[in-house]
Amino acid sequence: METTSLLPVLILITSLLPGVVILLLREEQVALRTFLNLFGAVSKVALVAWAFVGYLRGATYDFVFTLAPDLTFALSLDALGLFFAALSSVLWLITTLYAIGYLDKGPHQNRFFAFFSLCVTASTGIALSGNIITFFIFYEFLTLSTYPLVVHKGTDEAVAAGRTYLWYTIGGGTILFLGVAGLYAIAGPIYFGQTEIIEGLIGEFPTQLIILFFLILAGLGVKAALFPLHGWLPTSMVAPAPVSALLHAVAVVKAGAFGIVRLVYDVFGVGLAEEMNYLAVLSVLAAITIVYGSVRALYQDDFKKRLAFSTVSQVSYIALGVAIPGALSSTGAIVHLVHQGIMKITMFFAAGNVAETYGYKKISQLNGMGRRMPLTMGAFTIAVFGMIGLPPVAGFISKWYLGLGAVEAGSYWVVLVLLTSSALNAAYFLPILYRAWFCEPDQEVVERLRSSRLETQALMLIPVVITGLLSLAAGVFAAVNGSPLSIAREIAEKLYLL
Amino acid sequence: MTALPISPYPALVVGLPILMAILSLFLNARGKALLGLTGSLLTTVLALIAFVEVTRLGTVIHIVGAWKPPLGILLRMDALAAVFIGMTAGVGALISLYAFRYFKAQDTKTDGFPLFWPLWLFLWGGLNGLFLSNDLFNIFVTLEVISIAAVALAVLSGKAGALVAGLRYLLAALTGSLAFLYGIALLYGSTGTLDMSMLGRLLEAGPTSTFALLVMTLGLLIKMAGFPFHFWLPPAHSNALAPVSALLSALVVKGAFYILLRLWMEVFGVSLTYAAGQLIGVAGAIAVLWGSWQAYMQTSLKLIVAHSSVAQLGYLLMIFPLLILPSGAGAASADWLSAAWTAGIYQVLSHAFAKASFFLSAGIIVIAVGHDRIESLRDLVGHMRMTAMAIGLAGVSLIGLPPSGGFVGKWMLLKGIFLSGQWWWAPVVLTGSLLTAGYIFMLLRLAFAPTRKKEPFQLVPKSLEVVALLLAVASYLIVLPADQLIQFLEGSEVFGAGVETLLKGGAYGNY
Amino acid sequence: METYQIYSLTSAVLFVIGLGGVFVSKHFIKKIIATTIMGGGVFLAFVSFADRDALSFADPVPHALVITGIVVAVASASFALALARRIFQLSGDESFSSDK
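Chains as they are written, first to last, in numbering that gives the first Met the number 0: chain A, 0 to 497; chain B, 0 to 510; chain C, 0 to 99.
Chain A on its own, in the form it takes in the complex (with noise of 0.2 Å):
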């Protein structure tokens, strides 16, 4: 049943609306600004759910607007798209609920939640991206977005992080503005899904559509922060802690990977793939950034820098699981989108809830945290044991699947750089949780700055807890229908039977 429907339209309009209308109120304002916000994200969620369901009907929600003879910005619901768009609009949701404990008093909320819906609508467009030319004005759209939120603060060190923000972005951005441009020339408008036109034309054009495939990647692989070009992300940190959490660790880097798995399963195809393996530098690549990534966090003492590593090694997971041939692999690089989102999310959280209630920003002085924020420090204990791959914790089934995904594939060295970067994540993670649990704190007794009858703000707590449950949740109910890796298997088994 092909409809042209609105609903994709409508999907964006629910951060789009508030984001604009944000920006027009005045600051004294909060009671209206909040109810935009949370209308909104509880709207999406709404939205996308209902897409959801429509979609396991067989229904299939298209909306396409021609810009100019073939640019075509065209909207889509397929099963990864929407998979995407769930993840960005739920975590939405409860991000925008932590921003506003976090926020709190501070200045230029309206300017901060104006934006911050804009990113999301970014990002949902992304998700929802039904060809190469529609996710491009959106991947530009995200960092345009963005940047105002890096640079929130103000300060000195926040504005050069802005800079370097832009340079490592924008210039990814021409980039992949020169592949897509190149690809369109030589193949006309892509849909994603349509392989069938690259692997008409590889015949034809193999030189130019390989230089064409790594421009684009290169282009993505900025935003995914793959080596080498994951100097903006830990320099971003700066950004306000819901601002890391949704964006760097979600938002941003996610859509890069996003795009690579676009790039590989909808626009070239596994075929083409398999055929031509070219995919073997993307693999060298990813392996490269996970190990250099968790070596770079073991010898950071600032908490979220720690984490921005993490996050460097973590995506590439992805961008890896999609290297490797076989639906296993794509099953672990697919739903580790959704694990890895989540579990770092519930990290970045609990970095913000110790910063913002106690003032510690580094490691070293998080001695005793567990005994004064026993559900924060739970929360990220959970996720500590995701990112380290223990069961029954989501990133422990991604793993699983990225691993017997090299197996089958035969890549064993994979499987060593799986069990490299798992040692190397305790190797960093662990010492903070035993510091948490097993230490006793430096001052006995402190000023919190934050005050609340909690741990701190609840606003800042219940979200945390969430997404650590969630965390756990997705790992522990993996086998479950309508489950991320249920989806993520059935997106991924797709691609294979073509």
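Source of the hints: derived by calculation from the structure; they are not laboratory data.
Check before you lean on any hint, since a few could be wrong.
Which residues of chain C face chain B? A few of them, derived with a C-beta cut under 10 Å, are [what the hints assert, rightly or not]: (1) 14; (2) 57; (3) 95.
Don't be surprised by glycine CBs; every beta carbon is placed ideally from N, CA and C.
Dock chains B and C against chain A, hints included.
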């Protein structure tokens, strides 16, 4: 040609502003401003009606005074002319509103620059006349009207810096005009006609036509501030009053581009060589890189914007190499032609809106702070959100990021570059975007940065900010009707004929 | 060589001299004079083409064009002179100080 539908609107959009301009000379300062504003709004309405008429009827003509060509003046409004007239009207109307309020907000020592209005209306009439001209001499006359009015507007403030810049501008414009006139003489001498379409048919390849092409292109390049004749633009545009700078950058230079495009497409089909196109393209490429780099180095907002104009006009010059088919290329392979000149039109449109918005924002800053050094932009986001948004949106359009009009322009340009195989222009386009991003984000960074002053900005009338923001948003809105606009342009009789001539080969294949 | 060809050649020479003068000189008045020379060249070109084709009478169209051209050139030159004079009054400058 004379079998096309006749309409009064071409004459009206030229005649009304000039009439209003003359009338306003007799009034006092306040009367000038009021009549000027009224005249602007009336002209805008007329222009929009004319635009709608062309969409309904196709190309329309008007024979002035019922004296038939080749001795009489024939005004022709085809799709391309309609688009340019519409753009002038849209941008012009908003700038008029801004100027009306802006001059009132100046300090009481100045008289509110009443002469702005008659000069602006003369300029507008001249521009419309230029877009509608069908014979070379009318083009010459309207080019002169435009130049003199533009220079007079540029020196309106009376300050020494503006006067020197204005004199430089005047001398450059005069040189360009005389070169253009010389070309007219040569063309008349060899064919006996000045009508553009007849010239297109009668002109033979040879030293006369090549020399005429050379000298007329030279003249138009000078007027367009194309490299290496760009030196007059930065001082002239940056020393002028804010509304004037907007007019100069957004509209006046586009007139020269319009004529250059028409000449190459309609008249000089036989004389164009692949090498000529490449040469112009190289000039454009250097302008893009040089202008963007210069913009990055400046410390005054208006100079940044003015150098940025040089760069953005370079993009327009880069279309020309794509419009010439190398030898042996057949008609079927020329599907990039539409991409190439569509790119030009979109670049013109989005640049007009974005650059006007930028200069008007600079004017707002000058009112708010007293000068335009970029340090003054600190914490703009906190105090003048609308202006900051205008600068942000306009800047993004200049860089060429989606979903702006600038993006559509650059996209089509890249498409044309790739399809025609002239891939060497691509790095220039992209480097230009990167450099533009460099100075735009430098400005935005300052806008977000904190300031140490308590009250960094004086109060500015809200309407000024609204206009600047509207113009910036407009550069995005032009994307929405893109498909229809392109079809409209492709259906244009004369332009279609021009492209057809290209496709038939003419005398192409001369290297 | 026919008469009109001599005039055309002269006009080209004048044009080039004027063009060179505009670019090379820095003094305001010199530049204005150079444009006037350029104009002279162009007008001569028009007049010479009025005599082509061995017609028994001169073609009046170029004459009309020349008159318009002269009017425009005079107006522009006087504008330029007025500007130069005002600049001199304000700042004492007689030439462009920086390059070009």
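| message | Checking hints one by one. Is residue 14/C an interface residue toward chain B, by the C-beta closer than 10 Å rule? | response | Hint holds; residue 14/C Cβ to chain B Cβ min 6 Å, cut 10 Å.
| request: Hold the hint about residue 57/C up to the distance rule: shortest CB distance to chain B must be less than 10 Å. | output: Violated, about 13 Å.
| Taking the closest Cβ pair, is residue 95/C under 10 Å from chain B? | At 7 Å from the nearest chain B Cβ, residue 95/C passes the 10 Å test, so the hint holds.
Hint compliance for this structure: hint 2 alone is broken.
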